[in-house]
Amino acid sequence: MPKVPLIGEVGRVADEGLEGLDHGFLTGKIEDLVKWSRARSCWPATFGLACCAIEMMAAGGAHYDLARYGMEVFRASPRQADLMIVAGRVSQKMAPVLRQIYDQMAEPKWVISMGVCASSGGMFNNYAIVQGVDQVVPVDVYAPGCPPGPETLMHAILTLHDHIQSGELTRRREPGVEGAGIVIDQRDGQTASQMILTR
Amino acid sequence: MGLLDSVRGFGLTFGKLFDERVTTEYPAEKREKSERLHGRHVLNRYEDGMEKCIGCELCAGVCPANCIYVRGQDNPADDPVSPGERFGFVYEINYLRCIHCDLCVEACPTEAITESKLFEFSFTSRDDAIYTKDELLVGDDGKPQQLPWEDWRDGEDQHTSAWMRATAPSGDASYEGRVAWAGELGYGTRDPEVGQSGGDGD
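One line per chain: the protein sequences are A and B, in this order.
Going by the numbering used here, the first residue of the first sequence is number 1, and it counts up by one from there.
Going by the numbering used here, the first residue of the second sequence is number 200, and it counts up by one from there.
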């Protein structure tokens with residue numbers, strides 16, 4: 001079947017999704033509404049890996065109450081989750097699982113790297129731990145601390161809410177160097193990957 | 200198992216409806232921090248405005264997470280930055296590595312680095328997480344700088360050094376009763392902590 005060139009609005013929408021639309025008053029307001037509702041019902045996927053998960057659970061409990069942000073339901077299924085809070089150190093064995101869970105989540109999806117172990121390996125500078133979860137999944141917000149307290153996590157969540165409300169509606173992110181700035185260059189015929197620090 | 204057990208269960212739930220709420224509405228208010236919480240670091244100055252850091256790199260050496268990067272340099276003779284021979288001209292802390300163990304504070308021979316109570320901060324990129332000397336050093340009033348991505352509240356800049364005053368260098372028990380805290384810009388010589396005697400035998 002020959003490809004029919006689409007023209008005008010239809011063509012741009014086909015190519016670029018909703019981003020291709022010219023923003024009139026109505027679509028602009030709808031975009032605001034969609035962003036607002038996304039920020040206020042951001043269900044996290046359960047991904048507690050270590051001690052940070054205890055603080056994450058504390059944030060969900062009565063004293064901090066994530067339900068105030070519409071986030072109290074930690075979904076066991078990634079299909080129902082919008083946000084992955086990577087809480088704890090990610091071992092090399094867990095990294096493919098983490099990536100799979102991330103891939104199974106429906107767009108739009110966001111990632112919070114909670115704690116220094118998830119963010120950079122922290123004090124576990126050894127062969128077993130991934131030195132920064134942003135080598136595996138794209139991270140939107142980093143929460144520092146070992147572990148971050150519930151209020152630090154909530155600060156990260158509020159930062160993410162700002163990010164969602166001010167960010168692009170559909171387009172996720174530009175492909176390219178993100179996160180740690182580490183490019184893994186796989187050459188032909190080599191099994192081991194070579195890591196090049198680009199900056 | 201009685202017939203009215205479920206009713207009794209709901210009764211408990213409804214009774215709790217009128218109890219006082221325990222939730223802290225975080226963005227509106229914060230919970231009280233404990234006295235010696237380890238938060239974001241500050242680099243202190245002496246009362247005359249000189250920097251306390253002498254660039255000895257002991258903090259970087261003791262750091263178990265290798266999050267501190269210091270480089271010392273000879274003080275310029277005409278305009279010294281710190282009293283003594285050298286000063287830290289590069290001081291960086293990576294907050295995506297720091298585990299807030301306070302070992303740098305204990306290692307510091309001049310009380311230059313202490314930890315404040317500020318723990319509510321987060322970053323959207325890794326570059327933002329590396330604090331340089333510009334961000335860590337206290338301002339001209341001796342108070343920690345309140346950076347836009349940090350959530351400071353009133354009075355939180357008062358507590359930047361509690362832990363050090365209650366512990367002794369290398370665990371010396373005779374430190375008890377002796378407040379060996381150097382004068383600090385904005386605070387002067389600090390009072391002893393609650394539970395620590397003030398030095399006059401009180």
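For the record, the hints were derived by calculation from the structure and aren't laboratory data.
Predicted model only: the values in this text are computed from it and were never measured.
Cβ atoms here follow ideal geometry from the backbone N, Cα and C, with glycine treated the same way.
Wrong hints could be hidden among the right ones.
FRET-style restraints, in silico, Cβ to Cβ [what the hints assert, rightly or not]: (1) B/Val261 with A/Leu33: 44 to 54 Å; (2) A/Val97 with B/Arg352: 51 to 61 Å; (3) B/Gly214 with A/Ser166: 23 to 33 Å; (4) A/Ala95 with B/Asp247: 47 to 57 Å; (5) B/Gly382 with A/Ala106: 57 to 67 Å; (6) A/Val34 with B/Trp348: 23 to 33 Å; (7) B/Ala276 with A/Lys93: 31 to 41 Å; (8) A/Asn126 with B/Val261: 16 to 26 Å.
The following residues of chain A were derived to be distant from chain B, with all beta-carbon distances above 12 Å [stated by the list, open to error]: (9) Gly61; (10) Arg75; (11) Met114; (12) His155; (13) His163.
Hints versus structure:
1. B/Val261 with A/Leu33: 44 to 54 Å: 52 Å, holds
2. A/Val97 with B/Arg352: 51 to 61 Å: Violated - the Cβ-Cβ distance for A/Val97 and B/Arg352, about 39 Å, lies outside 51 to 61 Å.
3. B/Gly214 with A/Ser166: 23 to 33 Å: 44 Å, violated
4. A/Ala95 with B/Asp247: 47 to 57 Å: 52 Å, holds
5. B/Gly382 with A/Ala106: 57 to 67 Å: 59 Å, holds
6. A/Val34 with B/Trp348: 23 to 33 Å: Between A/Val34 and B/Trp348, where Cβ atoms are some 26 Å apart, the hint holds.
7. B/Ala276 with A/Lys93: 31 to 41 Å: 57 Å, violated
8. A/Asn126 with B/Val261: 16 to 26 Å: 19 Å, holds
9. Gly61: At roughly 9 Å from the nearest Cβ of chain B, A/Gly61 sits no farther out than 12 Å, so the non-interface label is violated.
10. Arg75: For A/Arg75, whose nearest Cβ neighbour in chain B is about 22 Å away, the distance exceeds 12 Å, so it holds.
11. Met114: 9 Å, violated
12. His155: 4 Å, violated
13. His163: 7 Å, violated
Of the numbered hints given earlier, the model fails hints 2, 3, 7, 9, 11, 12 and 13; all others are met.
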